[in-house]
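Asker: Sequence:
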Amino acid sequence: NFSDLANNCQNARFPFSGAINNNSIANVCEGEQRRVYQVQSEVARVASTLLGKMDEGLTFNNPGRDARYRAFGEFLRGVSLGYLALFYDSATVVTAAMSPEEGGDLSDYKVVMDSAMVALQRAIDAAGTSGFAALDNAWIPTGTSLSGADFIRIIRSYRAGLRANIARTPAERAAVDWDA
7 NFSDLANNCQ NARFPFSGAI NNNSIANVCE GEQRRVYQVQ SEVARVASTL
57 LGKMDEGLTF NNPGRDARYR AFGEFLRGVS LGYLALFYDS ATVVTAAMSP
107 EEGGDLSDYK VVMDSAMVAL QRAIDAAGTS GFAALDNAWI PTGTSLSGAD
157 FIRIIRSYRA GLRANIARTP AERAAVDWDA
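According to this note's numbering, the sequence shown holds residues 7 to 186 in order.
No lab work stands behind these hints, which were simulated from the structure alone. Please note that the accuracy of each hint is not assured.
Pairs of lysine to any residue residues, derived as SDA-like cross-links and limited to a Cα-Cα distance of at most 25 Å, are as follows [claimed, not checked]:
| hint | residue 1 | residue 2 |
| --- | --- | --- |
| 1 | Lys116 | Tyr43 |
| 2 | Lys59 | Thr101 |
| 3 | Lys116 | Gly137 |
| 4 | Lys116 | Thr98 |
| 5 | Lys116 | Leu168 |
| 6 | Lys116 | Asn171 |
| 7 | Lys116 | Arg41 |
| 8 | Lys116 | Asp72 |
| 9 | Lys59 | Asp120 |
| 10 | Lys116 | Arg174 |
| 11 | Lys116 | Trp184 |
| 12 | Lys59 | Asp111 |
| 13 | Lys116 | Leu92 |
| 14 | Lys59 | Gly167 |
| 15 | Lys116 | Glu38 |
| 16 | Lys59 | Ala102 |
| 17 | Lys116 | Ser136 |
| 18 | Lys116 | Gln127 |
| 19 | Lys116 | Glu178 |
| 20 | Lys116 | Ala102 |
| 21 | Lys116 | Ala173 |
| 22 | Lys59 | Gln44 |
| 23 | Lys59 | Arg40 |
| 24 | Lys116 | Arg71 |
| 25 | Lys59 | Ile146 |
| 26 | Lys59 | Ala166 |
| 27 | Lys116 | Arg162 |
| 28 | Lys59 | Gly134 |
| 29 | Lys59 | Thr175 |
| 30 | Lys59 | Arg174 |
| 31 | Lys116 | Tyr164 |
| 32 | Lys116 | Glu48 |
| 33 | Lys59 | Leu112 |
| 34 | Lys116 | Ala166 |
| 35 | Lys59 | Asp72 |
| 36 | Lys116 | Thr175 |
| 37 | Lys116 | Asp183 |
| 38 | Lys116 | Arg169 |
| 39 | Lys59 | Leu92 |
| 40 | Lys116 | Ile172 |
The task is simple: from the sequences and hints, build the whole structure.
Answerer: Here you go:
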C-alpha cells in the first residue's frame, strides 16, 4: 500500500525479495539506504576507540565499573556490526586495536557477523565478571537497573536475533544452528 512517490523507498523495495540498494545517480532513496551504514559504522568506531583506550590503561578505578564499561562497549560494537551484516553485503570491521584514523578494509557480511558474535561473547564475559556494576536507566532505558545476569539475557537475545536473521538463501537458512 504505497504510491509511486518513493514513500520511504517502499516503491524501490517491492517486491521485497528482489530489493537492492540502488547506487545510481539521482537515487531518491540514497539517504535512507546509507543511514544505517553511517550510524552503525559510527557506533562501531566510537565503541572500538573507547575499548582501545581501556586496553591502553583507561580505568574507572573500580573493577565492577571497568567490567560494565567493557561489557557495554562490546555490546554496542557487536550489535552495530551485526546490523551492518544484516543490511549490507560488506562493511569494515573496526577493532579496538585500530587507530581512530584507520579506515580498514571491507569484509564480507559473514565476516562482519562473525566479528559481531565475538564482540557479543566478550560482552557476556565482561557482564559475568564478579562485582559487575549494574546498568541504570541512563545506560538502557528500562523500569529498573540491570544486573550482570539481566544484561547477559539482553545480549543473548540480540545475539539470537542476529543469528536467526543473517541467513540470505534457503541453504543458509537450513544451516542455521537454531539451538545456538
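Asker: Are the hints correct? Go through all of them and say.
Answerer: For each hint, the structure was consulted:
At most 25 Å may separate the alpha-carbon atoms for a hinted pair to count; Lys116 and Tyr43 meet this at roughly 16 Å. Under the criterion of a C-alpha separation no larger than 25 Å, the hint pairing Lys59 with Thr101 is consistent with the structure, at around 12 Å. Between Lys116 and Gly137, the direct Cα distance comes to roughly 35 Å. Violation of the 25 Å bound is thereby established for this hinted pair. Using a Cα cut-off of 25 Å, the hinted pair Lys116 and Thr98 holds, with the two alpha carbons roughly 12 Å apart.
Of the supplied pair hints, the one linking Lys116 and Leu168 holds, its CA atoms being roughly 11 Å apart against a limit of 25 Å. Proposed proximity of Lys116 and Asn171 is supported: the alpha carbons are some 12 Å apart, at most 25 Å. For the hint pairing Lys116 with Arg41, the CA-to-CA distance comes to about 21 Å; that is within 25 Å, so the pair holds. Annotation: proposed proximity of Lys116 to Asp72 is violated, straight-line Cα distance about 30 Å (limit 25 Å).
Using a Cα cut-off of 25 Å, the hinted pair Lys59 and Asp120 holds, with the two alpha carbons roughly 23 Å apart. For the proposed pair Lys116 and Arg174, the alpha carbon gap of about 11 Å is at most 25 Å, so the pair holds. This hinted pair checks out: Lys116 and Trp184 have alpha carbons roughly 17 Å apart, not beyond 25 Å. Between the alpha carbons of Lys59 and Asp111 the distance comes to roughly 22 Å, so the proposed pair stays at or under 25 Å and holds.
This hinted pair checks out: Lys116 and Leu92 have alpha carbons roughly 9 Å apart, not beyond 25 Å. A threshold of 25 Å between alpha carbons decides the hint, and for Lys59 with Gly167 the separation of about 30 Å lies outside it, so the pair is violated. Under the criterion of a C-alpha separation no larger than 25 Å, the hint pairing Lys116 with Glu38 is consistent with the structure, at around 23 Å. Pair hint Lys59 plus Ala102 holds up; C-alpha atoms about 8 Å apart against a cutoff of 25 Å.
In summary, the hint linking Lys116 to Ser136 is not supported, as the alpha carbons are separated by about 33 Å, beyond the 25 Å threshold. Distance restraint check for Lys116 and Gln127: the Cα-Cα separation of roughly 17 Å lies within the 25 Å cut-off, and the hinted pair is therefore satisfied. Between Lys116 and Glu178 the CA atoms are separated by roughly 11 Å; this keeps the pair inside 25 Å, and the hint holds. Distance check on the hinted pair: Lys116 and Ala102 sit about 20 Å apart at the alpha-carbon level, within 25 Å; holds.
For the proposed pair Lys116 and Ala173, the alpha carbon gap of about 9 Å is at most 25 Å, so the pair holds. Between Lys59 and Gln44, the direct Cα distance comes to roughly 23 Å. Compliance with the 25 Å bound is thereby established for this hinted pair. Distance check on the hinted pair: Lys59 and Arg40 sit about 28 Å apart at the alpha-carbon level, beyond 25 Å; violated. Taking the CA atoms of Lys116 and Arg71, the gap is near 32 Å; set against the 25 Å cutoff, the hint is violated.
With a C-alpha separation of about 22 Å, the suggested pair Lys59 and Ile146 falls inside the 25 Å cut-off, and the hint holds. Between Lys59 and Ala166, the direct Cα distance comes to roughly 29 Å. Violation of the 25 Å bound is thereby established for this hinted pair. For the hint pairing Lys116 with Arg162, the CA-to-CA distance comes to about 19 Å; that is within 25 Å, so the pair holds. Only pairs whose Cα atoms come within 25 Å are accepted, and Lys59 paired with Gly134 is accepted, the gap being roughly 21 Å.
Between Lys59 and Thr175 the CA atoms are separated by roughly 39 Å; this puts the pair beyond 25 Å, and the hint is violated. Between Lys59 and Arg174 the CA atoms are separated by roughly 36 Å; this puts the pair beyond 25 Å, and the hint is violated. Restraint check for Lys116 and Tyr164: the C-alpha separation of about 17 Å stays at or below 25 Å, so the hint holds. The straight-line distance between the Cα atoms of Lys116 and Glu48 is roughly 20 Å, inside the 25 Å bound, and the hint therefore holds.
With a CA separation close to 24 Å, the supplied pair Lys59 and Leu112 stays within the 25 Å bound. The hinted pair formed by Lys116 and Ala166 meets the criterion: a straight-line CA distance of about 15 Å does not exceed 25 Å. For the hint linking Lys59 to Asp72, the alpha-carbon distance of about 12 Å falls within 25 Å, and the restraint holds. At most 25 Å may separate the alpha-carbon atoms for a hinted pair to count; Lys116 and Thr175 meet this at roughly 13 Å.
In summary, the hint linking Lys116 to Asp183 is supported, as the alpha carbons are separated by about 15 Å, within the 25 Å threshold. A C-alpha spacing of about 11 Å is found between Lys116 and Arg169, which places the hinted pair at or below 25 Å, so the restraint holds. At most 25 Å may separate the alpha-carbon atoms for a hinted pair to count; Lys59 and Leu92 exceed this at roughly 28 Å. Proposed proximity of Lys116 and Ile172 is supported: the alpha carbons are some 8 Å apart, at most 25 Å.
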